[in-house]
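Undergrad: Residues per chain are reported as follows:
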Amino acid sequence: SQKIEQNSEALNIQEGKTATLTCNYTNYSPAYLQWYRQDPGRGPVFLLLIRENEKEKRKERLKVTFDTTLKQSLFHITASQPADSATYLCALDYQAGTALIFGKGTTLSVSS
Amino acid sequence: NAGVTQTPKFQVLKTGQSMTLQCAQDMNHNSMYWYRQDPGMGLRLIYYSASEGTTDKGEVPNGYNVSRLNKREFSLRLESAAPSQTSVYFCASSVNKLAGALLGETQYFGPGTRLLVL
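Just so you know, the protein sequences line up as chains Y and C, in that order. The first sequence begins at 1 in my numbering and counts up by one. The second sequence begins at 1001 in my numbering and counts up by one.
Certain hints may be false.
To be verified - Below 27 Å or equal to it, Euclidean Cα-Cα: the simulated DSS-like pairs (lysine-lysine) are:
hint, chain 1, residue 1, chain 2, residue 2
1, Y, K63, Y, K3
2, Y, K3, Y, K71
3, C, K1057, Y, K104
4, Y, K3, C, K1057
5, Y, K57, Y, K71
6, C, K1009, Y, K104
7, Y, K59, Y, K104
8, C, K1057, C, K1009
9, Y, K59, Y, K71
Bear in mind the hints are in silico, worked out from the structure with no lab data behind them.
Construct the complete structure from the given sequences, taking the supplied hints into account.
TA: This is the structure:
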C-alpha cells in the first residue's frame, strides 16, 4: 500500500542551527511534493512545492530537496529562530483528479 | 479576501446527534476538501469535490456525507455522531485539482472546527 512517513515526530534544536526534516514515501511516483507549516490551533499553511524533475528549491531560509531515487524529500530551515517552532507536514501530489496525501508531521522546537 | 472560512469553531455533541459543518471560500477555487486531524494520525481526507457538482470519497468517509452547495460552499454532515468522530476538521480549497498534475497547485486551509462527541 501507499505510505508516506515523516520519520521524526519531534525535533529540538538551538536557535541559529539548521533544522533538517525528512519525508519518505513508498509505492508512489509523485509528480510534486509540498511542505506545509501548521501552528497550534490553526490550519496548515503552504510553504514550498518541488516538482519531480527538480532537485532543489529555495525560499529565503527554507530549502527543499527531492530525490525520486531514494523516494525522499528533505526540508531545511537555516539560521533557525524560535518563531520557526511549529509542525511541518509534507504532502504528495501523485495523480490528477485525486487529493494530496499528507504525512503525520514533525514538530520542530527551536530554543533560544 | 477571507480565504477559507469554517463554522462553527467549536462544537460539543452527544452521541447520536447530527450536525453540519460549513465551509466557504472566496478565492473562486474549483476544488474543495474535508480532512480530519487526530493526534498521531495526521491529516486524513474524508471527502473531496474536484469541481462543482462532483464529490468523491477519501480515505475515511464512513459516517459522513457532503454537499457541494455551489462553487463557494462545501458542507460536511454527521448524521449520527459517534465518539470516534471527535476530532479537528479542516476544510481546504485549491484552484482545480483536475489540472493538479500540470500545475502542482497548493491547498488553502480554513481555521478548523473542533468537535467533541460525548
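Undergrad: Holds or violated: are the alpha carbons of Y:K3 and Y:K71 at most 27 Å from each other?
TA: The hint holds at about 11 Å.
Undergrad: Hinted pair, alpha-carbon criterion (27 Å max): Y:K59, Y:K104. Please report holds or violated.
TA: 23 Å, holds
Undergrad: Hey, Y:K63 versus Y:K3, does the alpha-carbon distance stay inside 27 Å?
TA: 23 Å, holds
Undergrad: Run the distance test for Y:K59 versus Y:K71: straight-line Cα separation, threshold 27 Å.
TA: Answer holds: Y:K59 to Y:K71 is near 22 Å, not above 27 Å.
Undergrad: Does the alpha-carbon distance linking C:K1009 and Y:K104 stay inside the 27 Å limit?
TA: The hint holds at about 23 Å.
Undergrad: Below or equal to 27 Å on CA atoms is what counts here, so check Y:K57 against Y:K71.
TA: Distance of about 16 Å is within 27 Å: holds.
Undergrad: For C:K1057 and C:K1009, compute the direct alpha-carbon distance and say whether it is at most 27 Å.
TA: Holds, at about 24 Å.
Undergrad: Given the proposed pairing of C:K1057 with Y:K104, does the C-alpha separation stay at or below 27 Å?
TA: Since the Cα atoms of C:K1057 and Y:K104 sit roughly 20 Å apart, the hinted pair holds (cutoff 27 Å).
Undergrad: For the pair supplied as a hint, Y:K3 and C:K1057, is the alpha-carbon distance within the 27 Å limit?
TA: Distance of about 18 Å is within 27 Å: holds.
This entry satisfies every hint, going by the numbered hints stated previously.
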